[in-house]
Amino acid sequence: MKLILVIEDSQDIQILIRILFEQEGYKVVCAGNGQEALTLLRSMKVRPTVIFVDLLMPVMGGAQFIQEMEKDPDLTSIPIVIMSGHRDAKTLGGNEKQRPVLSKPVDARDLLALAERYTSAEGGVEGQ
Amino acid sequence: MILHHTHNPFLVVLSVLIAIFASYTALDLANSITVARGKARLAWLFGGSMAMGVGIWSMHFIAMLAFSLPGFPVAYDIFYLVLSVLVAIAASAIALVIISRSRVTTVAYVLGALAMGAAISGMHYIGIASMRMSARWEWDYFLVAVSIAIAVVASLVALLVAFRLRNDLSRRGFIYRGAGGVVMGLAISGMHYTAMAAMTFVPGELISLEAEPLLATSGLAIVVIGTTLLILGIALTGSIVGRALARRQKIEVALRAALSARDEFISVASHELKTPITSMRLQTQMLDRALKKGGLASIQPDRLAQLLETSTRQLDRLTRLVEDMLDISRISTGKLTMEMGQHELSRLVLDVLERFENDCTQAGCEVRSKVEPGIVGWFDSFRIEQVIVNLMSNAVKYGSGEPIDVSLASGPGDRAVIKVRDHGMGIPGEAQERIFNRFERAIPGGGISGLGLGLYIAKSILAVHHGTIRVESEPGRGALFVAEFPLLKEQV
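If you're matching them up, the sequences are chains A and B in order. Under my numbering, residues 1 to 128 are what the first sequence spells out, in order. Under my numbering, residues 1 to 492 are what the second sequence spells out, in order.
Think of the hints as simulated: they come from the structure by calculation, not from any bench. The beta-carbon is built from N, C-alpha and C at its ideal position, and this holds for glycine as well. Possibly wrong hints are sitting among the right ones.
Stated by the list, open to error - Facing chain A, a subset of chain B residues (Cβ under 10 Å, in silico): (1) 275; (2) 277; (3) 286; (4) 307; (5) 393; (6) 397; (7) 400.
Required output: the full structure, derived from the provided sequences and hints.
Here you go:
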């Protein structure tokens, strides 16, 4: 199954990315911040194939979320894509693993290409 | 036989002028000493005491040079003369130490005035003791007491005036300092001439004025006056230049702070603009994809509806951002005009609460409201609504999903009192004043959206309504915002 987790504090962006991915046949779950996402991840039976995470969010931002994930052996292997309006996102902490960074305003094609890359790497990708 | 003494009027006037100049310089120095810290403060204290001490002493000495007893040339004992200078410097040091303290108690004023008065009197009478001539004098003890009293009272007044004026760098401060200098200068001169009036001269034993270590009066006046004016001039120039530098430094610091606030604002504003832009970009791209894939029908109707809703919301958001920025420029150019009228405030508050129902539910915040019905007032309905909306959106944003208490009541003096209390993260003490400034937020870039303009705009709107806004908060315990403004037309 092609499951994507989107962590983004703007409800509207959440909705749009969800619709974008759903239109392409992905299943999408959303969280409003890093803390919510961690709780969600730990309660999920099926892990998402890839996580798209915003950097600046209340309660727990993206950088801290990534740190927390890396501490958790169950979660650390899930690929992450960083989305940020921050110009220096590439050099921000928490990205030693050279994860892809999409700068805001994100492009739908980039989102889909990355989703495609990670889900096909896992195999089992089908068209719509 | 009583000898009649005379005073040279030119030197008398000069002595008074020097006293005024020295007093003014001392008042001026008080500021530089207060502002300076560490070694600079010690240097100012030392230099200031020297300048003021020499200035006061010089007034006395010139006044004594103005004195003459026809037929009885006068000379001065150098030892006593030097001693009297030192006492004058000590008196000045006492004064400057006291007035440059951050706070001065009544006891400190009184002790300071007594010490200074004693030192000034000491200086004078030591100076008299340095006089050598073939005459002796008798004292009128009443006038001696009066002269000492004048010294103490003048010192007290000088301390009070100097303390009050030390931080006033305005034009008014300059005028007051000038006036203070004149009063103090006259008091110091008054002390001297009263003390001189206390003396009655009679012929004494003949002494030779050629003996060392005596100083004759000829030419001495010019040296003393010249030196004094030079010292006072240097001190005053130093004080003025130092202050100008300090003022410039202060302006530079403020300028740098303003520039960095502006840069921070630009970065926050661009970040804020990115969310609506991101949403619109995604929408157009999605529609484009859908059209290429077989028309809008390929998107389910409920998804299409959601797309449109987000569009509308993000457009509203953009509009609000732009309105806020326009308001800021209106405020800074003084063009924030109000359309005042009679409105029902209770209705307005309830309307805003109704509009916030959705946002509050989404954020998980229960709203507990207590709105006094029927409160009517004279205000700009659109602008006051803006204030309430701002307070509510802050409470939702920073309220951590905890309940929000909102109340409206009419307070004493026909004032509307609007309270919005959240139970969220709270605001640290250092930020509580800052958040009402332009571009400021309690937590810069802490992942919470907003331009940091809302409270500044709210404060400005209330100010035009002759109202106020304040906050009470502790970190972790939520924040209470209280907006107040007069309801009656006559009060606005």
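Going down the list of hints, with the structure as the test:
no. : hint : result
1   : 275  : 5 Å, holds
2   : 277  : 5 Å, holds
3   : 286  : 6 Å, holds
4   : 307  : 7 Å, holds
5   : 393  : 14 Å, violated
6   : 397  : 8 Å, holds
7   : 400  : 8 Å, holds
When the structure is compared with the earlier hints, a violation turns up for hint 5 alone.
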